[in-house]
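J.: Sequence:
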Amino acid sequence: MAGVNKTVFVTVGSTKFDKFTEVLVTPGVLKVLKSRGYTRLKIQYGNGSFIPPDCSLEGVQISSYRFKESLQQDMSSADLILSHAGAGTCLEALGLGKKLVVVVNEDLHDNHQVELAQKFAELGYLLYCTCGTLFKTLQKMDLNSLNDYVPGNPQLFADFLTKTMISDSEI
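Quick note: the sequence shown uses our numbering, first residue 201, plus one each step.
Hints listed in this document are in silico derivations from the structure and should not be mistaken for laboratory results.
Watch out, some of these pointers could steer you wrong.
DSS-like, lysine-lysine: derived pairs with alpha carbons at most 30 Å apart [to be verified]: (1) K234 x K219; (2) K216 x K299; (3) K298 x K268; (4) K299 x K319; (5) K299 x K268; (6) K319 x K206; (7) K206 x K219; (8) K298 x K242; (9) K234 x K340; (10) K219 x K242; (11) K298 x K231; (12) K340 x K242; (13) K242 x K319; (14) K234 x K336; (15) K319 x K298; (16) K340 x K219; (17) K231 x K216; (18) K298 x K336; (19) K319 x K336; (20) K231 x K268; (21) K242 x K336; (22) K268 x K216; (23) K219 x K336; (24) K340 x K216; (25) K336 x K299; (26) K268 x K319; (27) K340 x K319; (28) K340 x K299; (29) K336 x K216; (30) K299 x K242; (31) K319 x K216; (32) K219 x K299; (33) K340 x K206.
Everything numeric in this text was worked out from a predicted model, so none of it was measured.
Construct the complete structure from the given sequences, taking the supplied hints into account.
T.: Quick look at the structure:
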């Protein structure tokens with residue numbers, strides 16, 4: 201076993217992504233999480249119709265909620281984050297130094313989430329899959345192969361603007 205009493209935090213943001221939350225509580229997914237040492241699964245299910253049960257299944261303690269004012273505490277305390285492919289959520293999780301598996305919602309039209317997930321995966325920052333491949337992704341995932349994400353430094357841009365503005369005003 202890869203460790204004990206580890207927590208998985210799941211977020212769908214403000215969307216409705218029932219297919220994702222439903223697959224999380226299937227015996228196969230719960231068994232693979234348990235086999236990797238994850239014993240707690242906390243699910244933020246957003247505007248979904250499916251409400252995951254608050255109970256213990258397959259040795260994994262499940263708790264869920266619709267919304268909180270901030271997800272930062274849940275993200276910070278998680279050992280692994282499973283998320284929809286929203287840009288803000290991905291950047292927040294990676295900025296906290298968390299291991300991240302993104303589940304793309306294939307039902308969205310003009311799905312920019314796929315492009316974001318693919319690019320971050322190419323850079324080695326996260327793993328991504330669909331609801332249909334989540335089980336296999338969790339089975340095969342090697343979280344140690346992921347690169348650390350280094351957030352950009354907004355001060356560099358501010359310094360550039362300041363330097364440019366001063367140079368332009370001297371002309």
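J.: Each hint: holds or not?
T.: Structure-based check of all given hints:
1. Simply put, K234 and K219 have alpha-carbon atoms about 21 Å apart, close enough for the 30 Å limit, and the pair holds.
2. Of the pairs offered as hints, the one joining K216 and K299 holds, with about 23 Å between alpha carbons and a cut-off of 30 Å not exceeded.
3. Restraint check: the Cα-Cα separation between K298 and K268 comes to about 20 Å, which is no more than 30 Å; the hinted pair holds.
4. Restraint check for K299 and K319: satisfied, since their Cα atoms lie roughly 16 Å apart, inside the 30 Å limit.
5. For the hint pairing K299 with K268, the CA-to-CA distance comes to about 22 Å; that is within 30 Å, so the pair holds.
6. Pair hint K319 plus K206 holds up; C-alpha atoms about 28 Å apart against a cutoff of 30 Å.
7. With a CA separation close to 24 Å, the supplied pair K206 and K219 stays within the 30 Å bound.
8. Taken as a hint, the K298 and K242 pair is honoured in the structure, with Cα atoms around 15 Å apart against an allowance of 30 Å.
9. Taken as a hint, the K234 and K340 pair is honoured in the structure, with Cα atoms around 14 Å apart against an allowance of 30 Å.
10. Between K219 and K242 the CA atoms are separated by roughly 16 Å; this keeps the pair inside 30 Å, and the hint holds.
11. Under the criterion of a C-alpha separation no larger than 30 Å, the hint pairing K298 with K231 is consistent with the structure, at around 22 Å.
12. At most 30 Å may separate the alpha-carbon atoms for a hinted pair to count; K340 and K242 meet this at roughly 22 Å.
13. Distance hint between K242 and K319 is fulfilled; the C-alpha atoms sit about 27 Å from each other, no more than 30 Å.
14. In summary, the hint linking K234 to K336 is supported, as the alpha carbons are separated by about 14 Å, within the 30 Å threshold.
15. Between K319 and K298, the direct Cα distance comes to roughly 17 Å. Compliance with the 30 Å bound is thereby established for this hinted pair.
16. A threshold of 30 Å between alpha carbons decides the hint, and for K340 with K219 the separation of about 21 Å falls inside it, so the pair holds.
17. Of the supplied pair hints, the one linking K231 and K216 holds, its CA atoms being roughly 25 Å apart against a limit of 30 Å.
18. A distance of roughly 21 Å separates the Cα atoms of K298 and K336; the hinted pair therefore holds under the 30 Å criterion.
19. Pair hint K319 plus K336 holds up; C-alpha atoms about 21 Å apart against a cutoff of 30 Å.
20. With a C-alpha separation of about 28 Å, the suggested pair K231 and K268 falls inside the 30 Å cut-off, and the hint holds.
21. A hinted pair counts as satisfied when its Cα atoms are at most 30 Å apart, and K242 with K336 qualifies at roughly 20 Å.
22. Between K268 and K216 the CA atoms are separated by roughly 15 Å; this keeps the pair inside 30 Å, and the hint holds.
23. Proximity of K219 to K336 is assessed by CA-CA distance (about 16 Å); at most 30 Å being required, the pair is judged to hold.
24. Restraint check for K340 and K216: the C-alpha separation of about 27 Å stays at or below 30 Å, so the hint holds.
25. Straight-line distance between C-alpha atoms of K336 and K299 comes to about 17 Å, which keeps the hinted pair within the 30 Å bound.
26. At most 30 Å may separate the alpha-carbon atoms for a hinted pair to count; K268 and K319 meet this at roughly 29 Å.
27. Distance hint between K340 and K319 is fulfilled; the C-alpha atoms sit about 20 Å from each other, no more than 30 Å.
28. Among the hinted pairs, K340 with K299 is consistent with the structure: their alpha-carbon atoms are about 14 Å apart, no more than 30 Å.
29. Under the criterion of a C-alpha separation no larger than 30 Å, the hint pairing K336 with K216 is consistent with the structure, at around 23 Å.
30. Annotation: proposed proximity of K299 to K242 holds, straight-line Cα distance about 15 Å (limit 30 Å).
31. At roughly 24 Å between alpha-carbon atoms, K319 and K216 fall within 30 Å of each other, so this suggested pair holds.
32. In summary, the hint linking K219 to K299 is supported, as the alpha carbons are separated by about 22 Å, within the 30 Å threshold.
33. Our distance criterion of 30 Å between C-alpha atoms is met by K340 and K206, whose separation comes to about 18 Å.
When held up to the earlier numbered hints, the structure conflicts with none and fits them all.
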